[in-house]
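For this one, chain A is given, so just place chains B, C and D on it according to the hints.
There are 4 protein chains.
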Amino acid sequence: MPGYSENKDAVQKRLRRIEGQVRGLQRMVDEDKYCIDVLDQVAAVTKALQAVAIGLLDEHLSHCVADALTAGGGRADEKVAEASAAIARLVRS
Amino acid sequence: MPGYSENKDAVQKRLRRIEGQVRGLQRMVDEDKYCIDVLDQVAAVTKALQAVAIGLLDEHLSHCVADALTAGGGRADEKVAEASAAIARLVRS
Amino acid sequence: MPGYSENKDAVQKRLRRIEGQVRGLQRMVDEDKYCIDVLDQVAAVTKALQAVAIGLLDEHLSHCVADALTAGGGRADEKVAEASAAIARLVRS
Amino acid sequence: MPGYSENKDAVQKRLRRIEGQVRGLQRMVDEDKYCIDVLDQVAAVTKALQAVAIGLLDEHLSHCVADALTAGGGRADEKVAEASAAIARLVRS
Numbered sequence: 001m002p003g004y005s006e007n008k009d010a011v012q013k014r015l016r017r018i019e020g021q022v023r024g025l026q027r028m029v030d031e032d033k034y035c036i037d038v039l040d041q042v043a044a045v046t047k048a049l050q051a052v053a054i055g056l057l058d059e060h061l062s063h064c065v066a067d068a069l070t071a072g073g074g075r076a077d078e079k080v081a082e083a084s085a086a087i088a089r090l091v092r093s
Numbered sequence: 001m002p003g004y005s006e007n008k009d010a011v012q013k014r015l016r017r018i019e020g021q022v023r024g025l026q027r028m029v030d031e032d033k034y035c036i037d038v039l040d041q042v043a044a045v046t047k048a049l050q051a052v053a054i055g056l057l058d059e060h061l062s063h064c065v066a067d068a069l070t071a072g073g074g075r076a077d078e079k080v081a082e083a084s085a086a087i088a089r090l091v092r093s
Numbered sequence: 001m002p003g004y005s006e007n008k009d010a011v012q013k014r015l016r017r018i019e020g021q022v023r024g025l026q027r028m029v030d031e032d033k034y035c036i037d038v039l040d041q042v043a044a045v046t047k048a049l050q051a052v053a054i055g056l057l058d059e060h061l062s063h064c065v066a067d068a069l070t071a072g073g074g075r076a077d078e079k080v081a082e083a084s085a086a087i088a089r090l091v092r093s
Numbered sequence: 001m002p003g004y005s006e007n008k009d010a011v012q013k014r015l016r017r018i019e020g021q022v023r024g025l026q027r028m029v030d031e032d033k034y035c036i037d038v039l040d041q042v043a044a045v046t047k048a049l050q051a052v053a054i055g056l057l058d059e060h061l062s063h064c065v066a067d068a069l070t071a072g073g074g075r076a077d078e079k080v081a082e083a084s085a086a087i088a089r090l091v092r093s
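Residue numbers (this note's numbering), protein chains in the order written: chain A, 1 to 93; chain B, 1 to 93; chain C, 1 to 93; chain D, 1 to 93.
With the rest of the complex left out, here is chain A:
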């Protein structure tokens, strides 16, 4: 099971809300809303997505990485390296 299993409902709720925000953006563009207002809404959706990412990463460290480290063995190092690489992609996204 993935690290977010226990919070699956909360993650889905956030993603559905983000989907609604993206549809809201389409409505704004359809109604010729002012560029700066559209831009600010894009920034809001970006922040909401980053909050989802940070939540997923927290669960991943607390469960998947923690379990690998507690179990020991070569997989622990591998899991930490994998998480670090994902964090790097996130910081640069």
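Heads up, a few of these hints could be off.
When chains are identical, the list treats them as one kind, so a pair holds in a single copy or across two.
Unchecked claim - As a list, the in silico SDA-like pairs of lysine to any residue whose alpha-carbon atoms are at most 25 Å apart:
1) 33 with 91
2) 13 with 76
3) 47 with 16
4) 13 with 32
5) 8 with 36
6) 8 with 67
7) 13 with 71
8) 47 with 71
9) 8 with 62
Treat the hints as calculated values from the structure; they're not laboratory data.
These numbers come from a predicted model, not from an experiment.
Here is chains B, C and D on its own, set in the frame of chain A:
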């Protein structure tokens, strides 16, 4: 008309694609996909949103800000300050 | 003259402060400060650099791009495209 | 000892290089270099700082967090929460 008027179809196409990606994220979570794979998809959607923002900003500068500057008067400074503030919110989002 | 000419002293003051912060980081590492404290200081320097970038961009739009637009001609479009590309590199940095 | 102990020389080398880049920025401003060129150099320093942050975080997870998790007890959860909060500050910086 907003700066993106001439590219409205292209903006909408991008936003619909992003909406599809967010629904794809919901499917991934529903199917218990591995945290890192979900995270990478979140990073991909974030990048797609930033590309939309940069496109909107480019149109805004080329049309709205350019028009205000060509017309001259106090509104030009105001428009530049407004665009700079939006850029700042974007860089920090 | 570049767009930041009138604010050159303020820009230099900010850059000297950032240089001091980077030296402070070296001291922290030298004194084996806790990873999280070093990381937070790195984030603070990153924010200070982004503030410099946003300031430079604002001056660039207000002066260089505005002048090109007021003068008209092909250079105006070129200037806007160049600024948009720089904003894109900034958002992704 | 902090997580970066074994790589202290490499971290310091990177920070000294960043310090040199910030001094280079001051020279560019002093010599009235074109705004866009200064901006691109600011983006380069920002990326270099983020690379330091990602390196520190990787060492922190591999050593400090890993040790707390292997040792077990309440400190493990605390360490993971602390690391997640630092990552969140980094993503938003």
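Here's how the hints hold up against the structure:
1. In the homo-oligomer, the alpha carbons of residue 33 and residue 91 lie at most 25 Å apart only across protomers (22 Å), although the nearest pairing inside one protomer, at 31 Å, exceeds that limit.
2. When the C-alpha separation of residue 13 and residue 76 is checked against a cutoff of 25 Å, the pair qualifies neither within a copy, at 31 Å, nor between copies, at 29 Å.
3. Taking CA atoms no more than 25 Å apart as the test, residue 47 paired with residue 16 passes in both settings, with 15 Å inside one copy and 19 Å between copies.
4. Taking CA atoms no more than 25 Å apart as the test, residue 13 paired with residue 32 passes between copies only; the shortest distance there is 15 Å, against 29 Å inside one copy.
5. In this assembly of identical chains, residue 8 and residue 36 lie within 25 Å of each other by CA distance solely across copies; the values are 15 Å between and 34 Å within a copy.
6. Taking identical chains as interchangeable, the C-alpha atoms of residue 8 and residue 67 lie at most 25 Å apart only when both belong to the same chain, with a minimum of 19 Å there against 29 Å between chains.
7. In this homomeric assembly, residue 13 and residue 71 never come within 25 Å of each other (Cα to Cα): the closest approach is 32 Å inside a single copy and 35 Å across copies.
8. For the identical chains of this complex, residue 47 and residue 71 are neighbours neither inside a copy (35 Å) nor across copies (35 Å), given an alpha-carbon limit of 25 Å.
9. Within a single copy, residue 8 and residue 62 get their C-alpha atoms as close as 15 Å, which meets the 25 Å cut-off; across copies the closest is 27 Å, which misses it.
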